[in-house]
Every structure is written in C-alpha cells, then in structure tokens.
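Residue numbers (this note's numbering), protein chains in the order written: chain V, 129 to 429; chain F, 129 to 429; chain H, 13 to 276; chain Y, 13 to 276.
Quick caveat, the hints were computed from the structure, so don't treat them as lab data. Do not rely on the hints blindly, as some may be mistaken.
Claimed, not checked - In silico DSS-like pairs for lysine-lysine, Cα to Cα no more than 27 Å straight-line:
#1 Lys86/Y to Lys20/H
#2 Lys86/Y to Lys95/H
#3 Lys86/Y to Lys412/V
#4 Lys152/Y to Lys55/H
#5 Lys20/H to Lys412/V
#6 Lys16/Y to Lys412/F
#7 Lys86/H to Lys339/V
#8 Lys116/Y to Lys86/H
#9 Lys55/Y to Lys25/H
#10 Lys55/H to Lys55/Y
#11 Lys116/Y to Lys152/Y
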Amino acid sequence: MINTQVTIAGVTFKNPVMEGSGTFGSGMEYSEFVDLNRLGAVVTKGVANVPWPGNPTPRVCEVYGGMLNAIGLQNPGIEVFCERDLPFLSKYDTKVIVNVCGRSVEDYVEVVERLSDEPRADMLEINVSCPNVKEGAIAFGTDPAALSNITKEIKAHTKKPVIMKLTPNVTNIAEMARVAEEAGADAISLINTITGMKIDIERRRFALANKTGGMSGPAIKPIAVRMVYQASHAVKIPVIGMGGIATAEDAIEFMMAGATAVSVGMMNFVNPYATAECVDGIEKFLESHGIADINELIGCV
Amino acid sequence: MINTQVTIAGVTFKNPVMEGSGTFGSGMEYSEFVDLNRLGAVVTKGVANVPWPGNPTPRVCEVYGGMLNAIGLQNPGIEVFCERDLPFLSKYDTKVIVNVCGRSVEDYVEVVERLSDEPRADMLEINVSCPNVKEGAIAFGTDPAALSNITKEIKAHTKKPVIMKLTPNVTNIAEMARVAEEAGADAISLINTITGMKIDIERRRFALANKTGGMSGPAIKPIAVRMVYQASHAVKIPVIGMGGIATAEDAIEFMMAGATAVSVGMMNFVNPYATAECVDGIEKFLESHGIADINELIGCV
Amino acid sequence: MKRKTVGKVLSQKCLAPGIYDLEIATCLASDAAAGQFVGVYTKDASALLPRPISICGVSDDRKSIRLVYRIAGKGTDEFSRLKEGDEVTLLGVLGNGYDLDKIKSLGNNDTPVRALLLGGGIGVPPMLELSRELAAAGVKVISVMGYRNSDTFLLDEFKKYSDTYVASEDGSVGTKGNVLDAVRENTIEFDCICACGPLPMLRAIKEFAGGKPAFISLEERMACGVGACLGCVVKTRDIDHHSHVNNARICTDGPVFEASEVEI
Amino acid sequence: MKRKTVGKVLSQKCLAPGIYDLEIATCLASDAAAGQFVGVYTKDASALLPRPISICGVSDDRKSIRLVYRIAGKGTDEFSRLKEGDEVTLLGVLGNGYDLDKIKSLGNNDTPVRALLLGGGIGVPPMLELSRELAAAGVKVISVMGYRNSDTFLLDEFKKYSDTYVASEDGSVGTKGNVLDAVRENTIEFDCICACGPLPMLRAIKEFAGGKPAFISLEERMACGVGACLGCVVKTRDIDHHSHVNNARICTDGPVFEASEVEI
Ligand SMILES: Cc1cc2nc3c(=O)[nH]c(=O)nc-3n(C[C@H](O)[C@H](O)[C@H](O)COP(=O)(O)OP(=O)(O)OC[C@H]3O[C@@H](n4cnc5c(N)ncnc54)[C@H](O)[C@@H]3O)c2cc1C
Ligand SMILES: Cc1cc2nc3c(=O)[nH]c(=O)nc-3n(C[C@H](O)[C@H](O)[C@H](O)COP(=O)(O)OP(=O)(O)OC[C@H]3O[C@@H](n4cnc5c(N)ncnc54)[C@H](O)[C@@H]3O)c2cc1C
Ligand SMILES: Cc1cc2nc3c(=O)[nH]c(=O)nc-3n(C[C@H](O)[C@H](O)[C@H](O)COP(=O)(O)O)c2cc1C
Ligand SMILES: Cc1cc2nc3c(=O)[nH]c(=O)nc-3n(C[C@H](O)[C@H](O)[C@H](O)COP(=O)(O)O)c2cc1C
Ligand code: FES
Ligand code: FES
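Whenever a hint applies, use it, and build me the whole structure from the sequences.
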C-alpha cells in the first residue's frame, strides 16, 4: 500500500493535491468536472467580512504561458459564504481550507472569529498577498513587521490552524517565511501571483482596467519552485507550494523542492480535470518508482 | 522622415534596439546573422577586472517560455576585452555599452577606470543584479544603501554616462530606481533575470549545477513591463527596458510602458535575427501608424 | 454537463475576408443551444486560455456544431488553418442561451410572437441558430443584420428562417448605417429583441427597446468560462445571486441578459 | 555562414525503438561535415531553445542532411512525428567537426592512416558521416559501435565504409560489454580514435588512447549554439582563446576536441 497522505498542522489530507484559492470558486463550478472527494482539500475563494464588488473589467488577460488577473477579491462576504458555500462543501469527503482576505487587521479578525465555530472549515489560509486590491492587503505581505503583527493577531483569535499565504513580490522570501513562522503561523503557502502588466499597443491602453494584475500559470513555475525551496529551507512549518502546476510532474517538482502539499491554480481554467489528473499521476509516479510513502519526496532534492 | 533616434544621457542611438548583456557575446558571434550597424547599440557581456571562470555546468536549462542560466559571469577580464572586443566593435557604426561586473566596489571601480580612456566605450552599464554569483554582486542590487554607495563610487571614477542595471528580485523596484537616480545614475536598465529553479524529478537533481539560475524569455515579459512602468514613473532619468522581448511589438510595449530603449536578450538564441527584425518592425509600426517620432511612444500609455 | 472534449473538424470555409465557418463533430452538440458558446483551445502553448466562440449552428442530427468567427488574434488565426480531419479541443457547452420559453410566452394566443433579431458584425453568427430555433418554435422572426460593407455573410441562411433586412456602415448593401437605422427605415414591428454585437450597438438597443424586452448577448474577457474565476462580470441592476455585489458572471449567468437587468 | 532556415522533411523512419532517422532538404547541407551539428527548433512555444542534433549524413548532391536521434523529451518527441513535406526550422551548421586533414596527416606515406571510430548509443549516428568522409579521403576506417541490446541501427551502412564491429551491453550482439571491450577482444590496431557517446565512455577512451590522438565529441546543455551565451563550456587544459579561463565552448570550439585538451 502506497501512502499518499500528508499532514499539515495536525490536519491529515488524503493526498497533497489542492487547488489555488480563487481559481476554483468554492468547488461548485468544478464539481461538474472533478469529483471533489478525490482532492486533498478544497481551498475556497478569498472571503471578507462584508461583500466586495471587486475591480472593474477587463479583469483578466492572457500572457505568454499564463494570465494576469485583477479580480480584486470580489466575494459575497462571510455570511453568504457560511450559509451557502460551507454547507455545499460539507457534502464532500475532503478537507476545507477557507481563504480569508481583508483591508485591515480587524477585517481579517472578524472573518476568522466568525469561522471559529464552523466545523466545516478545517484550516484558514490568510491572503496577505493579493496584489490587486488598493487598500494595502499586499502591504501585510511585503512588510515583515506588518506580516508578523497580522499573523499574531489572527492566531490570537482562532484555534484553527492558520496558513499564511505569502507574496512572491519580495526581495527575500526566506525572511518572510521566518517572520510568519516566528509569529505563530502553522504553515505557509506560496506563491500568490506576481505583479505583471500588459499593454495593448494598438489601443495604447492597459490590458487590465487595474493597469497591473497578478501573473499566474506555467510561465511563473521556476520562480515559484525557487521560492518554495528557499522558504521551506528557512522554516520548520510545512509549506504548500503553487505557481503554474499543470501536471503530476509539476506537483512532484514542488514537493521535491520542499512543499508538503501543492495547489493547482490557473491551470484549472485550461484543464478542468487538472487536479484529478495530478492525484492520479502522483499515484502512478510513486508506484512506478517504488516509493511507499509520498512524504519521502518532500524536500528530497 | 520618421525619427527613430533616441537619446540617453547625451548619447544618441540611431534606434532604440540593443541586446541584453550576456546574450550576444561582444557582437562577434551574431555578426554572422545581423549587421551590427543596424543596431542602436551593442551591449557587451559583463566584464570584470580579472578573468572569471564562471560556474560549473550545467549552466543553462530550458523552462516554459524561457530559460534559466547560471553562467556566473565567465569573462576574459578587462585587458583582453579592451584588446580584442572593443577594437572589433569599433568597426561598426553603432554605440557600444560596456557591461561591468565585480565582486566588490573596488573591482567595479577598477574596470570603470580602465575604460575611461577607451573612446569606443560610449556608455557603461553596471550589473549590480546578477543572481548567479555568490560573492554578493546581487546584494548591491537588492540593498538600497549598497546600491546608492556603489553608484556614487562609480560616478566618482568615470566621466562616461553610467547605466545602473537593476534586479527584479526586489520588493519595490520604484524605490531602487529612485535610489540609483539620487546617487547620480544617468540611466537605469531593467530587468535582469529573475531567480528561478528547475528540478529534474527523475534524477532528483537540480537542473543547474548552481541550483538556482536567472530566468529570462517571453515568460517573464509581463513582470518586466510592469517594472519598467513602475521604475520609469518613479524617476526622470531614462530607462532601458528588457525581459522577454522577441518582436517589434514587444519592444513597443516596453516603450509605451516608459522605456527609452529596449534590449533583446535570450530571444537572440531562439531567433538570431531578432534584433534586426525589431528594428525593421518598429519602423513599420511607426510608418503604418503615422508616428513621426519614436519618442512619442515613450510612456504614452 | 460541461466537458472538455476533443472534436473533429468536418469542414472549414472562408465566408468573407477574415471570417471563417468551422463545422466540428463533437458530443457537445447534443446539448448546445442558441446563445451558448464553447471555449476553443489553441495548440499554442503560449496561448493557454480557451477562446469563447458562440454556437452558430447545431446539425440536425445533433452531432456537430458550427462556429463562425473572425480572425482577431493568434488563437482565431490558428483556428482558421484547421482542416478537415484535424482535432480541436473544446470546453462546453458554456453559458445560458436565449430563453425560448420566455420569448414564446411574450405573445398572446392569436398572433405569433414577433422576435426581432439584431446582429452586428461578428454578432451575426449566433443569431442564425437562434432564428432557426425560434422559427421551429413557431415564433415569427425578423432578422436585421449589420455589416461593415458588402462583405456580408450568412444572409442566405437567415432568409430560410426569417424576414431578413441588412444594414451596412458604408451603405453598400441594405440600409446605410447600423441595424437600428434599418429597423427604423423599414418600420419593423416586434414584441421583443434578441441581439448580439458590439457594446455601442447593444447600448443603443437597450435604449431603443423602450418597454419591450430585449435579450442581449454580452462579451467580456474570460479565463475559466465556467463561473469560477469571476473574471467576466457585468454590473447588474439587482444584487447578483452569486457574489451578492451586483456583478453577474457573463460566462455562466449570461452571456444573454435582459437589457434592463445589466448596466452597460 | 551560419543561418536560421526552414528545411523540408523528405522522409522519416523509425530505426529502432525510440530511434528516428530524419532526412531534411536544407541549404545547410552545402556546408555540413562530420562532427558538426544543427539546432532543431520545436513548434512548441513552451520549448524555445534549439535542440542540438549531429549530422549523421549529407546527401551526395549536398541538398539534404540526415539526422538520427533518440526520443529524449518533448522536442525530440515532437520531431518524431514529422512527416514528409513538413517544415522544420534549423540553425546551422554549428560547431567544428572532425579535422580530416589532421587525421590524414597522422599516417606515413606507405600505409593509410587507420582511424578507429567508436560510437556509443546515440553517439553512433555522427560516426556514420565521419566513416564515409574518411573512407572517401583514403583513410582506413574501423568502426566499433556499441548498443544497449540487439536494437542496433545503422550497422549495414557502416559496413559500406569500414570494418565494422559491434558491442552490446547485454551481449545479444557482438562483444558483450562496451566498445572498448570489443576493441580489446578483436585486438584492433589504429593510429587515432574518433568517438562520440556518453561521458563515461569518453573518459575511458581518453585513458585507453594512451599516446595516440583521440578526437572526442562532447555534449553539454546549450542555449545559443553559436558561442555567445557561454552556457556549454568544458574545462580545458590550456587557457581557452575566447574567455582565457580554461573553458572552451563546446558549441563553437567543439563539439569535437582532442581528448588530451579537455578535462572530462
Ligand atoms: C461569449 C462570447 C462569445 C463569442 N462569440 C464569438 C463568435 O461567435 N465569433 C467570433 O468571431 N468571436 C466571438 N467572440 C470573441 C472571441 O472570443 C475573440 O475574438 C477571441 O477570443 C479572440 O482570440 P484570439 O486568440 O484570436 O485573439 P487574441 O487577442 O490573441 O486573444 C488573447 C486573449 O484575449 C481574449 N479575447 C480577445 N478578444 C476577445 C473578445 N472580443 N472577447 C473575449 N475575449 C477576447 C482571448 O480569448 C484570449 O484569451 C465571443 C466572445 C465571447 C465572450
Ligand atoms: C552537440 C550535440 C549533438 C547531439 N547530437 C545528437 C544526435 O545526433 N542524436 C540525438 O539523439 N541526440 C543528440 N544530442 C542530444 C540532444 O540534443 C538531446 O537529446 C535533445 O536536445 C533533447 O531534447 P528534448 O526536447 O527531446 O528533451 P528535453 O529534456 O525536453 O529538453 C529540454 C532541454 O534540454 C536540452 N537537452 C536535453 N538533453 C540534452 C542533451 N543530452 N544534450 C544537450 N541538451 C540536452 C534540450 O536541448 C532542451 O533545451 C546532441 C547533443 C549535443 C550537445
Ligand atoms: C483568477 C485568480 C483569482 C485568484 N484569487 C485568489 C484569492 O482570492 N486568494 C488568494 O489567496 N489567491 C488567489 N489567487 C492566487 C492563486 O491561488 C495562486 O496562488 C496563483 O494563481 C499561483 O498559482 P497558479 O500559477 O497555479 O495559478 C488567484 C489566482 C487567479 C488566477
Ligand atoms: C545567458 C545569459 C547571460 C547573461 N549575462 C548577463 C551579463 O553578463 N550581464 C548582465 O547585466 N546581464 C546578463 N544577462 C541578463 C540579460 O541581459 C537580460 O537582462 C535578461 O536576460 C532579461 O532579458 P531577456 O528575457 O530578453 O533575456 C544574461 C542573460 C542570459 C540569458
Ligand atoms: S470566465 Fe471565469 S467567471 Fe466567467
Ligand atoms: S550554447 Fe551558447 S556558448 Fe555554447
């Protein structure tokens, strides 16, 4: 029997395959394509204390080997989320990681507290790295002191395990990982999108209404792998790796770099079966390589 | 008559198309493919005060839409450079930008001083951003104080216009641009490569002997465009933009983002005619769009 | 059920400069209806996102769909080189199409409902499948199709299902001007409007419709096509059921909306 | 003169499991010589760098080249699907091949020079063109080709130009073992060695050659293929002429080196 289970902060996942917050809705849309029971976890779209309308359109555009998005964290707010999305997810035998966004520490804390009594939320992922909202969410992710502060505040207000989702738009990812760990984070996830820009030269206009957007997709994978390697070697807490994962081979590359679990992000849009295919492919890889326990792969390079 | 000339720090280029340091040797190799007289400038491979052997192999690997390199700035040292490469380049009616690397401020200063009497070196580009040498060259590019210091030192030791080449591996590129400007840089160029990593999952080995390498190519273009936009809007000195440029359209996108000139880097390897095709394509674009002066495009978005 | 699936090209022809007509054998045909669309994947690894293209026709045996599209960039350029027998990967069927029951319900029992179909430019093709479906459902169809110049396409087929009028910007065929100019010129009467075309045209139609229902098909940049990414939203009059922030998703809540419901 | 140019596939066949033989009509054929290589471009936008593949043959009319390669990843996999008439983009001709004049000069006037050609695995193909050129130049050629198992390829052709011996790792054909085992087993005499194959084989040959000249063809990851990027270096005994740091560029200073000059 091959073991594909991984454990993060006491929560055991049947396999290390999740999807990137914001690329999978709350699972509902892709449940037509993928049996959600097969996933290690469903990571929900970022949710705030109140509904957020997000940014003006165009919000997405294609770039070489990837895309830019500036959704601006449109979300229905925590109430609708708890009433509709969590009950939907509770039908499935998978873990649920709720991604949380906010404009201020208080916003985050409000959401986190509201979720404390929701048994269906297994873990919280704190998005301090969205490059697409003006109000400073990204500042939490780029300033070590702010990251430390918000991590501590959140930890003080919830008993659920907390994953801090880091931004790649920093000089020193290892330092940010250490700051999160020291402030009490139970795990970190990375990378969020890298800030990019596209210009429509015929119209002399930005391709996105927001001017800049977050880049994701296979094009950013080498940067993500490097950061996962650097971060996971800087801390003892587990790392969830993502950035351009399309196949089981990509997932394994992240695990070898040091990730305990992995997320498929924009490649869901390109291949709605990508998460399930990663699960299958990882099993096949373990089998054909005679590896009894997936945990052997973590950081093995 | 359409004007394609651009001027940077008093040096006038017949057109804004150059190539990225290290991707074109000293022009010799590509002179079989491209008439160097057609280029705005030839930017030479980084040269140090003494010969550098560079890193062990494998030094390069392919990634989605780009490549990683960890050449480690192998170069024959400034003496051979002045005796062989500069005389070769002086046969051509193009500007020569000499890219300079070093391990310490003194190294840089030594090269810069040696070049002061070389009339064939029109400008100096100071590489403070190579991610592939251990000795800290990158530290000059990621630490504002170090960047300021080295810029001032170099300016104090040469009368030639100085371009500071910035690294994208920073949290705030606008700040780094401002630091360079305040310290006296005549121009800035960006982006150098982004640190990335690739793992060969079959062999459980890093694809590069150096573990990490600098990523270049079309995959990084949106990040480069964004940084050129941010940097050029933060300073008054001209910006030379690069990162994934393959076509005239790419070049124009960088100019619209704020670049006064542009460089073709790894795409020379994919299309050895890329620089000349950019020159042609830009002319055609100006013509078909009724633009009399290329300077109109700079930062027009 | 939505699927990503590989179809086979049955034929492709060029209808007008830059306009192509692609017939694809695919299991998606069994579900496809007027106003819906598919995502078409390129084979170009640099261009990963599916290209949304509307259903222009479904074969009678429901085994193939027809896409009519304009070359607008690298994806559609690649598609234009597809040949009989080539494979093409599709995501679909996507979106809510035109609500035929609603349209039928607009009439009274005596006279058939009169649906005015307005298509502008590359908004013409989806109207063809709609005209066929409406005609089959006993609705009286009046089609007014607008083109830039005399490079018209699909007109003969519209005539099979509808009274057909034409407008062209340069006046070379039909009414000189846009589709609404043609409607006015021909004093066409109708109970509802169904439209697809550029945003300014849709805005004008929203205004023009007055009290009558106008079903318009919207476009926006899309990533997922299935309602997950929230990339393709349009502002709505009422709170949307999904995000509760007056932002409907064009790919799933649309692309067809009642004009009065959206702020365009 | 080096060029990037589009060639046309004349034929492709599979020689052994995973080994393909591709004949391409291209202007590069006029300059190509044994030991040189071309960069072959994929059509896959995610895989941009040219794949270095050695010249396995040049047609008599110097209008086409022949490449024999093993499927090793996504580029070669794509190439294996090329069919007659397809276009393929090449960069070439690259590198310095074997120095025929030098090899010829190794003999005395009475007896012809005896060149021992050693090819291992996918190092076999470049030896074929070399055997042809050497034979044409009046050199006596002895070929010893090593394979993993009985899936040999090109052997019949070697026999046209040379005394031909075989080694296989599993002993299923020829000498069981590697090419040097076969050389010893057959007590082959020679004036020089020309070799291409995996690094351990080349290292053993360097040792084995003793005082005799051994020309070996090296491999390294390449980006530009033309000497500009300094990606593909090998440590050299002497200071290299380009960077003056005992690092020669395999793509331009090689890929063929005298074994005594490089540190492998
Ligand atoms: C619901 C819907 C239905 C459509 N139906 C048709 C149709 O039947 N026939 C037709 O010719 N066109 C149709 N379009 C427009 C069509 O999607 C674009 O022309 C096409 O995506 C352009 O792709 P490209 O690769 O050629 O262009 P590129 O500019 O290279 O595409 C780059 C990216 O931008 C997106 N994009 C570019 N233009 C548009 C656009 N107008 N709308 C949405 N995304 C765009 C592409 O999908 C791709 O992701 C429809 C659009 C939508 C949203
Ligand atoms: C001078 C030279 C001559 C060669 N001649 C032949 C030949 O005649 N026949 C043959 O089958 N093979 C030959 N090779 C090896 C051949 O280049 C690789 O097998 C091929 O590049 C693999 O490409 P891929 O896309 O299939 O593999 P991938 O692994 O997908 O390639 C990824 C990247 O790695 C590079 N790469 C992978 N393997 C090698 C390798 N062994 N050497 C250099 N680069 C590599 C590719 O070029 C590409 O840039 C030669 C290599 C060199 C350096
Ligand atoms: C359309 C879109 C929306 C996203 N929304 C969120 C979000 O709400 N919260 C978050 O933490 N990350 C969000 N992300 C980031 C992804 O979860 C992921 O970190 C990133 O896209 C990199 O992975 P990828 O390259 O596989 O897409 C979003 C990404 C995309 C493409
Ligand atoms: C093989 C290689 C070698 C390089 N060497 C240098 C160098 O010596 N000095 C330098 O400043 N930049 C060097 N660079 C960086 C390029 O000049 C350029 O900034 C970067 O590659 C981004 O542009 P691109 O995406 O067009 O390649 C090198 C890049 C590559 C790919
Ligand atoms: S395209 Fe993703 S929600 Fe519509
Ligand atoms: S591959 Fe660039 S120097 Fe050899």
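Hint check:
1. Lys86/Y to Lys20/H: holds (24 Å)
2. Lys86/Y to Lys95/H: Given that 27 Å is the threshold and the Cα spacing comes to 25 Å, the pair holds.
3. Lys86/Y to Lys412/V: holds (20 Å)
4. Lys152/Y to Lys55/H: The hint is violated at about 50 Å.
5. Lys20/H to Lys412/V: violated (30 Å)
6. Lys16/Y to Lys412/F: Holds, at roughly 23 Å.
7. Lys86/H to Lys339/V: holds (23 Å)
8. Lys116/Y to Lys86/H: violated (54 Å)
9. Lys55/Y to Lys25/H: Status holds; Cα separation ~25 Å.
10. Lys55/H to Lys55/Y: At roughly 10 Å apart (the allowed maximum being 27 Å), Lys55/Y and Lys55/H satisfy the hint.
11. Lys116/Y to Lys152/Y: Given that 27 Å is the threshold and the Cα spacing comes to 10 Å, the pair holds.
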